[in-house]
Each structure stands twice: as C-alpha cells, then as structure tokens.
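Enquirer: Residues per chain are reported as follows:
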Amino acid sequence: MPAAPALLRFAALALLVAFLLTPQSFAPLFAPLTQYGAPPIYDQGDLLTLALAQLGTVCCAAAASTLVAVGLGILVTRASGAQFLPLSRTLVNIGQTFPPVAVLAVAVPLVGFGERPTLIALFAYGLLPIFENTISGLRSCPPVVLGAASGMGMNARQRLISVELPLAMPLILEGIRLSLVINVGTATIGSTVGAKGLGEVIIAGLLSNNVAFILQGGLVTGLMAILLYEAMAAFEQRLFRAARIE
Amino acid sequence: MITVEHLSKQYGAATVVDDVSMAIERNSITVIVGTSGSGKSTLLRMINRLVEPTSGRVLIDGNDTTSEPAYLLRRRIGYAIQGHGLFPHRTVAENIATVPRLLGWQAGRIRARVDELLEVFQLAPGEFAEKFPHQLSGGQQQRVGVARALAAEPAVLLMDEPFGALDPIIRAKAQDDLLDIQRRFGTTIVLVTHDMDEAFRLGDHVAVMSHGRVLQYDRPAVLLTHPADPFVARMTGSADRAMRLLSLTTAGEAALPGSSDGPAIAASASLRDALSDLLWQGAESAAVVAPDGTACGRLTLAAILAHGRPS
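For the protein sequence lines, the chains are D and E, in the order given. Letter by letter, the first sequence follows residues 161 to 406 in my numbering. Letter by letter, the second sequence follows residues 37 to 347 in my numbering.
Any given hint might turn out to be false.
Label pairs and their in silico Cβ distance ranges [as the list claims (entries may be wrong)]: (1) Gly48(E) - Arg249(D): 26 to 32 Å; (2) Thr90(E) - Gly345(D): 52 to 58 Å; (3) Thr39(E) - Asn253(D): 53 to 59 Å; (4) Leu247(D) - Thr39(E): 45 to 51 Å; (5) Leu270(D) - Gly144(E): 54 to 60 Å; (6) Asp216(E) - Asn315(D): 31 to 37 Å.
No wet-lab data here; the hints were simulated from the structure. C-beta atoms are modelled at their ideal positions from N, C-alpha and C, and glycine is treated no differently.
This is chain E alone, in the form it adopts within the complex (with noise of 0.2 Å):
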C-alpha cells in the first residue's frame, strides 16, 4: 500500500503538485490520467523520488520513503519509462540484469531471473539475450523495458507513459501483457499516462489530474457515471461514456444463466465487443464461452445495454 500525504511540488512560483492525498492499493493497477502539464509524471516521480517533494510524504506499506537513501528506495520499486531507456551499450540480459547487480545478487540467480523474464515476456533467451538494444524493435525493446523493471521482483512498479512510442496494435498487446503480468506477479503498479482508454483498459483505480491536483480518484466505472467535475467529464468523454462502461465489463461479469444458439463469445471479452459482435451478425442473443470452451451461461442485447446505463 502506497500512502501519499499532502504531496506538494514547487518550482520557484510554478506549483506543479499541489496537495494531493491518496491511498494507493496493493495488487492493483492505479492510473493516474491527465493532460500533458498537469503534474502527473511529478506526482509519479516523487513517488521514488526522482523529484523530491517540496511539502508532504509518502509511506509505502507504512514507511516513510525518506527514512533511506533514494537510491537503496528506488532499487525496490521498479521504474519503466516512455521510450524504454534501455542501456545502448549493454546487452538484453545485461540490461534486465540491471537492477539484481545493484543488489548483489548471485551470478546463477540472475541468470535464472533472466531467462525467466525474457520467457514472460514471449523473447526466446537464446535469440535475444545477447541483442543488443537497437537490434530489437520498438515492440520488444519496450518489452525489455519492463522485465529489466520487474527484474529484482519489486513490489511496486511504477511506469511513465510506458507505451506512449509505440504503434495501436503493439500498444493494444503491451497493456494485455501487462495486465497478464500484474496478475502473474501481484505487483502494485502505478501508470501514469494522457490517454484516457489506457486508462480504462488497465487502471483498477484511476486518478484523472490537472493543474497539480487530482481532481477525482476512483474506480473507472464511478468516473464515468458520477464524474465529480466538468474537467473529469470532459476527459471522460460524454458522447461515447456508454460505449466505456460497457468496456469495464466482461462477458463472463454480465452472463445470465441458460444457454443461447446465438454466436459464441469468449468470457473474457467486453461487453462492448460483445455487443458489436451481436450487432455485426444481426443476432438477438450470444452463447458466452469460458477459456476451456464450456459453455457458462448467455447475453442478450437488452441485458447488455442495461449494463451501458449509469446504475
């Protein structure tokens, strides 16, 4: 659990964080969502202290993060970036194996620990642990970026527009790995990012802020149904809220009992897929499919339009 209290961030007269409080929960994905100036890199990297508050404090699981030399801290939480960051002048596995060298760590477990995170990460060992960064696309260098952060199996992650450079469909299966691995490993990660669907699709908890102060922290389904603020509402969306709301629930949420000779849907699809997959072939009802291909129950258009109305 990451507490930040009262964090404030000053730059002669510019105030870029300005008193924001909250409490960060453990396993889970938190967003913190704005537009470009509005302090949430700041926020984020005070949180290792990258930048070093001006008022205010952080404890993580209780302590306070100034009770140690900052870069003991930041050895335990990792740290991915925009443009991954990588070492130019150092190979895959010297680049993940970053972090366990800092820590001293055994010749053998670090190799080990590498492997492990390149086979995580879909990058066979033997064909990339030798490449060198520029070798790779931007895909897989983005990657490396995040096992060499997850490598000494921090507890806290905390990423700054991890795929901001990366193209739509590379993005679309960067955040489904991530969300693989938050499960995976149970880290706390902390993303901060500028665009609202990463937001949706990862953040459990998501903070949208600007001007310094975040301006509502909540789950995303509450953001969109009670935003506490115009700003919120704007950056929410009004025209196409319905259409999100029905992304934050899977097919396998909504399921009703029985069965249906409507087309399959796998459980772990939105329900805004579902509902295009039934509009696109004309059908009334879907038969909802688990990973194992048993059947788990059925959705019909009405119930899944239910679920896109604020309860």
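Chain D with its partners taken away, still in its complex shape (with noise of 0.2 Å):
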C-alpha cells in the first residue's frame, strides 16, 4: 500500500488529537444525528483515556504475540525444530480462525472479567501475521550469504543474530503491523467483557440508539488504526532505507 501524502496524514493526526483533546467543539457536527435531545458526544467517560486504553491494551498483546511468533518462527525454521512447523502452524491457525469473541466467551470463566480475557483473545488473533512473515523472512535469506555467514567462523547463534534475523527484520515488522492494525479494531469487542476501550462508547450508542456514540466510537478506532499503521510503515522505512535489505 503507497504511503497516503504526507499532508493527509497530517491532517488525520490533527482531527484526531483535537477530537480526544475537545470532543465538546464536535458537537454541532454530531447533533443532527442525534434524537430526542440525546447527547451528541460520548458523555460517561473521556475519550482520550479510553482511545489510550484500548492502544495500551493492542500493544500489550502485540507485544506478546510477537515474543512468542517470532520465537516460534525462530524454533520452526531451525533443522532441529523444522518437526514442530505443522504443529505450531496449525497453533497458530487455530488462534486467528477461532472468532475473537469465542475466545472472550472462554476466557472469561477461567480469568474473569476485564482487561485479561481481551490480551488473551488479541494475542491469538495476532499470532498468523507475525509468525508467518517471519517464516518467510528467515527462509528468504539468501543462501550464498548465509554460507558466507558459516564460511566466516559464525556458530548458528551470531548467524541468527547478526545475518538472518536483521535480513528478515523487514518482513517481521510488516508482521507486527499487520497484526497491531487488525487488533485496534478487534480490541473494541473487549469492552463487552469490561475492559476500557472505545467499545464502551460503541456499546453505549448502541444500547441508547445513538448514531452519533456509534460513529466516534468507529472513527476513532479506524483513525487510530490507520495512523498506527502509517507511523509503523514510516519507521521501517526510515529503518531500512539506508540498507535497502528488503
């Protein structure tokens, strides 16, 4: 996806901050989708703490998702764990296609209401894209470097280390981007379980029948979204263009 100018983006940032700085100014945009005198902003709790909420939360599991993905990956191409490929692909399958709220259902009994069911549901719908580009990341090394890597004296440790796992940084990250972006939108549902989040206010407009919660809910979400998304893709670029390894 070409990077949107930089303009738009900046634009985008801007209605952002100052939507969660005064979400009050907003409110002659939102009334006409209001009724009955309803509210036309979200009024039973700050946005900016649930919007930070709800990216602490995302971060926390991509956290995760990644230590164990790339771990994984890491393990999986390895000659001596290349049996356990299966196995842990199937894993990892598994936590993408079970629904994120079937995940919430189970989790719930076992670790109770709150922030924890959401971290566990977001960590396994973030697994895939990290663990598979890092599969492809590591085998896409080419392999006159890597035996150049050997031929030099490097045990399997520093070759991992210094050659392959700098050459699939590129892939790996684009995994985590993936995974973070799809995970903003996806931690929304935690608020049906209790944990902060833009889902409450979501939740709200839909209880109360208004349009008006609904849509800052989405949009902040799809803006948050889209902003993670950009920042990351400039990062690696900034990362990588001295290098062009990709």
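Now that you have both chains on their own, put them together as the hints suggest.
Expert: Structure representation (structure tokens):
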C-alpha cells in the first residue's frame, strides 16, 4: 500500500488529537445524528482515556504475540525444530480462525472480566501474520549469504542474531504492523467483558440508539488504526532506507 | 601445509568425493579444476568443514581439523565465494570486520586492518568504508569479499569460484590482484574453478578432478606436457597446449644474455604475449626490460618457440 501523502496523514492526526482533547467542540457536527435531545458527544467517560487504554491493550497483546510468534518462527526454521512446523502452524491458524468473541466467552470463566480476557483474545488473533512473516523472512535469506556467514566462522546463534534476523526484519516488522492494525479494530469487542476501550462508546450508542456515539467510537478506532499503520510504515522505511535490505 | 588424507564424501549412494589424498604446499596457490559436479567444491568445503567428510581427514600444519569446533577452525581460514556473499545490511567496513570482531579484536586494531585492506584492494577508505554492498559494482563487491576473507590474517584462504560472476576484463584484473595479494601476504590459497585458463594463470599446482577423483595433481607445465589421463588432456586442451605452455613462462625467465634493438617487452610478460607481440611487429627479436626500465636480456623467436615444445 503506497503511503498516503504526508499532508493527509498530518490532517488525520490533527483531527484525531483535536477530537480526543476537545470532543465538545465537535458537538454541532454530531448533533444532527441524535434524537430526542440525547447528548451528541459521549459523556460517560473521557474519550482520550478510553482511546489510550485501548491502544495500551493492543500494544501489550502485540508485544506478547511478537515474542511468541517470532520465537516459534525461529524455532521451526532451525533444522532441529523443523518437525514442529505443522503443529505450530495449526496452533497459530486456530488462533486466527477462532473468533475473538468466542475466545472472550471461553476466557472469562477462566480469568474473569476486565482486560485479561481481551489480552488473550488479541494475543491469539495477532499471532498469525507475525508467525508467517517471520518464517518467510528467515527463509528468504540468500543461501550464499548464509554460507558466507558460516564460512566466516559464525556459530548458529551468531548467524541468527547478526545475519538472519536483521535480513528478515523488514518482513517481521510488516507482520507486527498487520497484527497491530487488525487488533486495534478487534479490541473494541473487549468492552463487552469490561475492558476499558472505545467499544464502550459503541456499545453505549447501540444501547441508547445513539448513532453519534457509534460513529465516534468507530471513527476514533479507524483513525487510530490508519495512523498506527502509517507510523509503523514510516518507521520501517527510515530504518531500512540506508541498507535497502528488502 | 594442508594434508588431505583419503578424503571421501557420500550423500546416500552417491559418492561426491572419492578417496582424495593430496598435499597442499604452504605459501602457494593450488587450483582445483573440474567440470561441474566433479566434487571440487565439496572437496574445498571439507577443508573448512562446511561439509563434514564421510571418511578420511584433513591436517593443517599437522593438526587434525576435527580437533576443535568447526566455527573456531573457520575463523582461522579465509573463505571467499562466487557472488561474494556480502552481508547486505552491513557496510563495507563492517563486512570486512566480520571475522576480527568474532575473534574479539580491539576496535582500533579492526579499524586499522579494514583501512589497510581497503587500500590494498584499491578502494579508498574514505569513499567506500561506509557504503553498502548494493552501492558497489560487481568488481568492487568481489574485492570486498576477498578483503573480508583476508581480514583476520588467515594463513589459509579458500576460494570457491571467486571470479565466476565477473566479466572477462574485471576477472583478469581480479586474478592479477590475487597474485599480488598472495605474494604480499604469503597466504596459502586453495582455489576452485571450472576455468582451465584461470587454473593455469593462477596455480602453482593444479589438481584436475572428475567424478570425485583427482586425476592429476602437478605443476601446470607437467599437466600440459605429460597429461596422466585422456580427460586431463582434454581439459588442458590439446589444440592450443603449446600456447598455454608459453603462457606459463615469463620473458624474464626465458631471457637470453645480450641485447636487441627489437621492440621492448616487459620481463613480467608471458612468452605467449611476447610471441604475439613479435609476430604483430614483424620482428625477429625483442629486448627484455625489467620493471625499473633497465634492459635485462633479449628474446628471439626461435628461443620463444623452443619453450613451446615439451622438453
């Protein structure tokens, strides 16, 4: 996906920050969507706090997904761990295909309400892109470069850390980016089990038939996902511009 | 000195290297030449244990190569390969510093060594040290590959078709550079190639391999004049073997006493080039000139031709 023009990105960021800091100034914009004098702007909590809480949950889950998925990806691309590839792939695929809502339903009786079931659902949901990209990245290292690394006298660990992982890094980061973006949206369902997040706003809108609330929750989530994607892409570009190792 | 004793490698039922024994002289260039699939690369890679032999052993200066972990052995042996295998995410300087870093050299010593090698390979440190491999030409990448292999001052350098990806002009330059490097550092070089011209140009000794066996291992002139096997004769080329023989001797080595008013020929030029020059200029004799410009003898057509016959 080509990066959106810088101006557009900046406008989106400015809009998001302005809305989260001073939601009331956008009230006239949302007023036509409300009925019977309902509040046009979500008033049962601070939107900024909710947005940050959701972002925090997503980042925690992504960190855990990254650790596990990259670790598994490294394991199954070693000769000694190749036999675990089918099993790992199955587990990771289940994580992706098992609906996060169902994960919540299973997790709540085990760990209770709040952030924890959401973290589990997002963690499982975010594994696949990171896992698959880690494998692709490690497998796409040119054999001649790996041969040179061994020929120079690197042992397996040195080769992994100083050659294979750096060369696979663009793909791994891309996987993390995909996982993050998917989960920013998915995280809204966490509000059904009491996790703090923008899902609250959407649910409040659904319960009180307030389209303005639904729209606010959805738009802020969408903007966060897009901006996160763009920020990660820009970061990756900066990181690899010099070496151009993609 | 590298001693190869009854070395064999089998993959399943296929024997890739079949009971090879050879002694590789210190401070010389030994070329292993053969067609593709002859087992020459496998033989080379068994010296630094990138391939573990099925049977037999390799001794370097009398020490069995299996007496230490393979990765420690490899840090003492330079390794350069076709397509250079440079690390694309590291700068030229970092690439060259690979083995010194693995060996834990001090930063200052590494920097000095990197600069020295860049100078030796005619890559100005200021311009090239911080470049990435993709910013270099093919010839420059190849030079960095060899510089990296030599970084930790290895006594032995293994080269697997190092010049295979270069165009003919750059390849000739790279071969000249390698000869200079070998003289300068006294490295023991084992080089694998499928190119007989390259073998004759570089090798103090040449081993001809086919189907996993070394058919003949000797000085290039002996391979030409006394091929041990029809395959060796075919590889060395029967049609132009006289010319090849001439290319093995320099004008300086063949110079006769006396002087000539014919064209001047550098002492380092091969007799093949000298003959070509005389034919082209229609002269009967030439003056042999040392690098410092002083005359050091003469060459006649007849004297050159005498070198083109097996003695």
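Enquirer: Next step is simple, just say for each hint if it's right about the structure.
Expert: Results of checking the hints against the structure:
no.: 1; hint: Gly48(E) - Arg249(D): 26 to 32 Å; result: 29 Å, holds
no.: 2; hint: Thr90(E) - Gly345(D): 52 to 58 Å; result: 57 Å, holds
no.: 3; hint: Thr39(E) - Asn253(D): 53 to 59 Å; result: 54 Å, holds
no.: 4; hint: Leu247(D) - Thr39(E): 45 to 51 Å; result: 47 Å, holds
no.: 5; hint: Leu270(D) - Gly144(E): 54 to 60 Å; result: 58 Å, holds
no.: 6; hint: Asp216(E) - Asn315(D): 31 to 37 Å; result: 33 Å, holds
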